[in-house]
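Please model the entire structure based on the sequences and the hints provided.
Quick note, the sequences are listed as chains A and B, same order.
61 is the number that numbering that gives the first Met the number 0 gives to position 62 of the first sequence; each next residue is one higher, with no gaps.
271 is the number that numbering that gives the first Met the number 0 gives to position 272 of the second sequence; each next residue is one higher, with no gaps.
Check before you lean on any hint, since a few could be wrong.
DSS-like cross-link-like pairs, simulated, lysine-lysine; straight-line CA separation at most 25 Å [said to hold, decoys possible]:
hint	chain 1	residue 1	chain 2	residue 2
1	A	44	A	273
2	B	103	B	91
3	A	409	B	103
4	A	210	B	80
5	B	80	B	103
6	A	352	A	263
7	A	433	B	103
8	A	44	A	210
9	A	174	A	44
The following label-pair restraints were derived from C-beta to C-beta distances [said to hold, decoys possible]:
hint	chain 1	residue 1	chain 2	residue 2	range
10	A	114	B	85	43 to 53 Å
11	B	63	A	409	40 to 50 Å
12	A	101	B	85	19 to 29 Å
13	B	110	A	101	43 to 53 Å
14	A	106	B	31	39 to 49 Å
15	A	409	B	227	37 to 47 Å
These aren't lab readings, by the way, just hints derived from the structure by calculation.
Treat the numbers as computed from the prediction; the structure is a model and nothing was measured.
Glycine residues also receive a C-beta, built at the ideal position from the N, C-alpha and C atoms.
Listed below are the residues making up each chain.
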Amino acid sequence: MTTVIDRTRTPEPEGSGPVSAAARARKKATPGGGLYQPRAPIYPKLVRGTWRNIKWALLILTLGIYYVTPWIRWDRPGGLPDQAVLVDFTGRRFYFFFIQLWPQEVYFLTGLLVMAALALFLVTALFGRLWCGYTCPQTVWTDLYIYVERAFEGDRNARMKLDAQPWSFNKAWRKIGKHAVWLGIAFGTGGAWIFYFHDAPTLIRTFWVGKAEMTAYVSCAVLTGTTYVFAGWMREQVCTYMCPWPRIQGAMLDFNSLQVTYRKDRGEPRGPHKKGQDWTGRGDCIDCNACVVACPMGIDIRDGSQLECINCGLCIDACDEIMIRIDRPKGLIAYDTDYAVAARMQGEKAVYKPVRSRTIYYGVALAIVSGVMIWGFAQRKVIDLHVLRDRNPTFVRLHDGAIRDGYTLKISNRGFETRTFDVHVSGVPHAQLKTPGEAATQGDLFVTVEPNETRAVRVFVTGRADDENEDNLPAIFTLTSGDLTVQAKSTFLSGAANHDPRD
Amino acid sequence: MSPRETDDVSGVETTGHEWDGIRELDNPLPRWWLWTWYLCIAVAIVYWVLMPAWPGLHGYTHGLLHMSDRAQVVRDLDALKTQRSAEGARLKNLSLEQIEADPKLQAYALAVGQSIFGDNCATCHGAGGTGGKGYPNLRDDVWLWGGTPEDIQHTIQVGIRSDNPQARASQMPAFGRDQLLPAEQINDLTEYVVALSHRPANAGAVGRAAPVFQANCAICHGPEGKGDQTKGAPNLTDADWLYGSARADIHGQIWNGRGGVMPTWEKRFDPETIKALAVYIHANAAGQ
Chain A
0 MTTVIDRTRT PEPEGSGPVS AAARARKKAT PGGGLYQPRA PIYPKLVRGT WRNIKWALLI
60 LTLGIYYVTP WIRWDRPGGL PDQAVLVDFT GRRFYFFFIQ LWPQEVYFLT GLLVMAALAL
120 FLVTALFGRL WCGYTCPQTV WTDLYIYVER AFEGDRNARM KLDAQPWSFN KAWRKIGKHA
180 VWLGIAFGTG GAWIFYFHDA PTLIRTFWVG KAEMTAYVSC AVLTGTTYVF AGWMREQVCT
240 YMCPWPRIQG AMLDFNSLQV TYRKDRGEPR GPHKKGQDWT GRGDCIDCNA CVVACPMGID
300 IRDGSQLECI NCGLCIDACD EIMIRIDRPK GLIAYDTDYA VAARMQGEKA VYKPVRSRTI
360 YYGVALAIVS GVMIWGFAQR KVIDLHVLRD RNPTFVRLHD GAIRDGYTLK ISNRGFETRT
420 FDVHVSGVPH AQLKTPGEAA TQGDLFVTVE PNETRAVRVF VTGRADDENE DNLPAIFTLT
480 SGDLTVQAKS TFLSGAANHD PRD
Chain B
0 MSPRETDDVS GVETTGHEWD GIRELDNPLP RWWLWTWYLC IAVAIVYWVL MPAWPGLHGY
60 THGLLHMSDR AQVVRDLDAL KTQRSAEGAR LKNLSLEQIE ADPKLQAYAL AVGQSIFGDN
120 CATCHGAGGT GGKGYPNLRD DVWLWGGTPE DIQHTIQVGI RSDNPQARAS QMPAFGRDQL
180 LPAEQINDLT EYVVALSHRP ANAGAVGRAA PVFQANCAIC HGPEGKGDQT KGAPNLTDAD
240 WLYGSARADI HGQIWNGRGG VMPTWEKRFD PETIKALAVY IHANAAGQ
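Here it is in structure tokens:
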């Protein structure tokens, strides 16, 4: 079956009444005049309903996580920080509850980001841009800012009226109050951010007496500025012009993705409706524009799926309210697929197909990456060993002809307790080990490494002169501490090829 | 002023400049450009007030911040000194054995020692400390003046045959050049020394040289040729040769009696640095 989806925009309705902000902006731009199109201000109207309630709940949840996380304490031994989540740039450590990651393990973070990206692909292919509509910080903070704006200036109509008024005391205190609260929230945002990088209870004291690091003040100032500008002034422009995701999403979505959809099969032909009029021969859309005035992105959802739409569902709530009032079934605007709309228009049954080749690919990729990550994490050891063989001199010949090679062992203890390591060398027969400050031994060396530290230990291996094999030998360093073992391979250079022929 | 002309197409005034019939429009500068320019001027004025800016007849304007790179370097060096003072004091007060036994302090001493060695000692002893002909190898277990940490520390302090009155000094006579021994006896002695280090040698020459060795060489190198660290006399029975192991090298050494000079370092380094250097050299040597 060939499905034809009509994506042509319906012509702009002429006449009075609210029109989408995008349409107003298009009209405002005079042809050939000016390089940039001016922004038409958007005054989203408050709606009530299921999706709005979900958005409020997610707003509280995400902001709660953001503000509370740095204050969670997690007991760690010794002088280690007891902040559950801490990115310690100075000490080059990332603490996350029960684990600590070192800079060389940053691939765990990379893997997590790859997983997040694939999960985003999968969710978008299935349910559209849920991330944009509900959990993106830009959306959440903008929502919060609009809430504040509404508290000071009233809902849509009051705000439009206020903006059109000349300056007065009433207008001034409302505007000043709004911006003051916005700046307060912005400062709170930047202020909370820096707690992730320093011990929060300490920083909150040092910050106010001017004794915190300069980076804390600068980061706080930058985030205060960006929050205020992005959420207060730029809003939907950040999504439409700055963010790459609306462009990328085009490759993730298809006709079977759930998106906020105007069911034109049910709504058209639209037009004003008087109470008591017959519904036959016309669509359910009464052209009341409730969906348009509710949209925080300033678009008309009835134009079909479009770049600006963040899939937040506020127009669904707005429309449902109207449908109840005019006693028509809810869901003229709903989470639906383009495919379903087209199918219904043809009089066929609409089926939602979550399992498609696209979702299978994303799902499989996500499963593979997650599997590799979990495996890698399970294999992770809290101890690590690197052996650096001396390059100069490669070997030293002793007075009795014995050969002595120097190595630097870098032993990392990523655990939370002091560990004593048993250093064993195999591959060199009758090897004698020596480390500065200890007596030479035929057996193993013992090295103690403090928690959360890497210790560089010089180890010298002396091979006996009467060893038959004069060739270079493999030198295998084995470190044992409790039930943990790590191994590193190196070479014992005997200098066989360098023998002085005169000797 | 000539009357301004207006371009018909754009309605913008022209500057009156014309090239081959093309006239330049007098469009205003873009706003963002103009404001950037004003901002630069404002920044420049603030800079003049705060920072050293203008030359004068007697010096220059210092600016309110009194910024000076030279003063900053002095401050940085002072800060570095303060930062190192705790470790430095411990190096000063503890014995070399105690320093080696403390992992943290040892690591600090090794780092200091490595840097000092690279800048000062590597010139003769090599970056790896393995020396060369005439320059002792500091990585092996053969030490002319002793290889304990204290011996090494003392050698660095006073030097060898240096101008320090306490310098380690000894001089092997130039038996050939100064005609202390006849040439045939020096040939015989060469064979004797080769034999001492367990290599095949002319038995007749060895026999003839034995009394000569005891009369002339044993006073420093010992009756068995095993050397004496109090006099800096090398052990002649091992495989290590400062001036080479071949017969010609040994003959040349008996003939000329060469002895190298190592400078005294106590005038240049403070005692902590010399201690750190001694720890570094001892830690890397297969010494005593």
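(message) Taking the Cβ atom of residue 63(B) and the Cβ atom of residue 409(A), is their distance within the range 40 to 50 Å?
(response) Roughly 49 Å apart at Cβ, these two residues keep to the hinted range, so it holds.
(message) Assuming the hint says 19 to 29 Å, is it satisfied by the Cβ distance from residue 101(A) to residue 85(B) or not?
(response) holds, 27 Å
(message) Next pair to validate is residue 409(A) with residue 103(B); report whether the Cα-Cα distance is within 25 Å.
(response) holds, 14 Å
(message) Verify the CB-CB distance for residue 106(A) and residue 31(B) against the hinted window 39 to 49 Å.
(response) Since residue 106(A) and residue 31(B) have Cβ atoms about 43 Å apart, the given range 39 to 49 Å holds.
(request) Assess, step by step, whether the Cα of residue 210(A) is no farther than 25 Å from the Cα of residue 80(B), and give holds or violated. (result) holds, 24 Å
(message) residue 352(A) and residue 263(A) were given as a pair; does the straight-line alpha-carbon distance stay at or below 25 Å?
(response) holds, 20 Å
(message) What's the verdict on residue 433(A) and residue 103(B), does the C-alpha distance respect the 25 Å limit or exceed it?
(response) Holds, because 18 Å separates the two Cα atoms, which is no more than 25 Å.
(request) Compare the distance between the alpha carbons of residue 44(A) and residue 210(A) with 25 Å, and conclude whether the hinted pair is satisfied. (result) Since the Cα atoms of residue 44(A) and residue 210(A) sit roughly 45 Å apart, the hinted pair is violated (cutoff 25 Å).
(message) Does residue 103(B) sit within 25 Å of residue 80(B), going by the straight-line distance between their CA atoms?
(response) holds, 19 Å
(request) Mind checking the hinted window 43 to 53 Å against the Cβ distance between residue 110(B) and residue 101(A)? (result) This hint is violated: roughly 21 Å between Cβ atoms.
(message) Next pair to validate is residue 44(A) with residue 273(A); report whether the Cα-Cα distance is within 25 Å.
(response) holds, 24 Å
(request) Could you see if the CB distance from residue 114(A) to residue 85(B) stays within 43 to 53 Å? (result) holds, 46 Å
The earlier numbered hints that this structure contradicts are 8, 13.
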